[in-house]
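J.: Mapping of the sequence shown onto the numbering used here: position 38 corresponds to residue 189, and the numbering continues sequentially without gaps.
Check each hint, because a few of them may be wrong.
Claimed, not checked - Cut-off 35 Å, straight-line C-alpha distance, at most; resulting in silico cross-link-like pairs (DSBU-like, lysine-lysine): (1) K184 to K275; (2) K280 to K184; (3) K280 to K229; (4) K283 to K229; (5) K229 to K184.
As the list claims (entries may be wrong) - Here are the simulated distance ranges between beta carbons: (6) K229 to L311: 43 to 53 Å; (7) G335 to T272: 15 to 25 Å; (8) V324 to G220: 27 to 37 Å.
Keep in mind the hints are simulated off the structure, nothing from the lab.
Positions of the beta carbon are idealized from the N, C-alpha and C atoms, including for glycine.
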Amino acid sequence: MPQHNICVFCASSLGGDPAYSRLATEVGEIIAKSGMGLVYGGASIGLMGKVADAALDNGGQVTGVIPDGLRSRELNHKGLTELVITEDMHERKRIMYERSDGFLALPGGMGTLEEVFESATWTKLGFHKGRKHKPVILVGSSLFWSPLTSFLDMLVEEGLMQASDREIVSYEVNPSSAVDRLIGYFASP
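Make the full structure from the sequences, and use the hints.
T.: What follows is the structure in structure tokens.
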């Protein structure tokens, strides 16, 4: 059993850029090789499937969490270490957050963004069980993430977000560096 779990938020589609699939595969491989467990949305398709397949192919422990109503749409992964089936999206996210020590976000749509903001809000409010502060790292191309990071910076400039809250969500272009940052965080008291 891994000592720590990293939750990955990402798309249930592949997106239009092949670099997204390469990134998801690289992240899954890095998590497995680092000895960390992977927690994710449970799908076998899209970037979610890529990250899970890569972790499993490299001997990683993978927990998928999927609502029963999405099993036919997102095609739950059949080869996981553990598959948790939930009643709804709220329970899915709660279980993903509870079973994780930190979060990586890869390119994705509304669901990914919702998970980024909700998990960051839970950290801000101290709602996470166990380790209260769980960082969120946006990973990949700055072309994808720079509009979001600029928006977050603007919220601080406008006095709508505290600078300390802005630090909950950070950015890292390199997936190895992102995982290393989380591992370093896990080692701190």
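J.: Holds or violated: are the alpha carbons of K229 and K184 at most 35 Å from each other?
T.: Distance ~21 Å between K229 and K184 Cα, so the pair holds.
J.: Just tell me: holds or violated, for the beta carbon distance of K229 and L311 against 43 to 53 Å?
T.: holds, 44 Å
J.: Would the pair K280 and K184 pass a check requiring their Cα atoms to be no farther apart than 35 Å?
T.: The given pair, whose Cα atoms are some 26 Å apart, holds under the 35 Å limit.
J.: Between the alpha carbons of K280 and K229, is the straight-line distance 35 Å or under?
T.: Between K280 and K229 the Cα gap is close to 29 Å, so the pair holds against 35 Å.
J.: Quick check: does the Cβ-Cβ distance between G335 and T272 fall within 15 to 25 Å?
T.: holds, 24 Å
J.: Would the pair K283 and K229 pass a check requiring their Cα atoms to be no farther apart than 35 Å?
T.: Cα-Cα ~32 Å, so holds.
J.: CA of K184 to CA of K275, is that 35 Å or under?
T.: OK: K184 and K275 at ~30 Å, within 35 Å.
J.: Between V324 and G220, does the beta-carbon spacing fit 27 to 37 Å?
T.: holds, 35 Å
Checked against the numbered hints listed earlier, the structure breaks none of them; every hint is satisfied.
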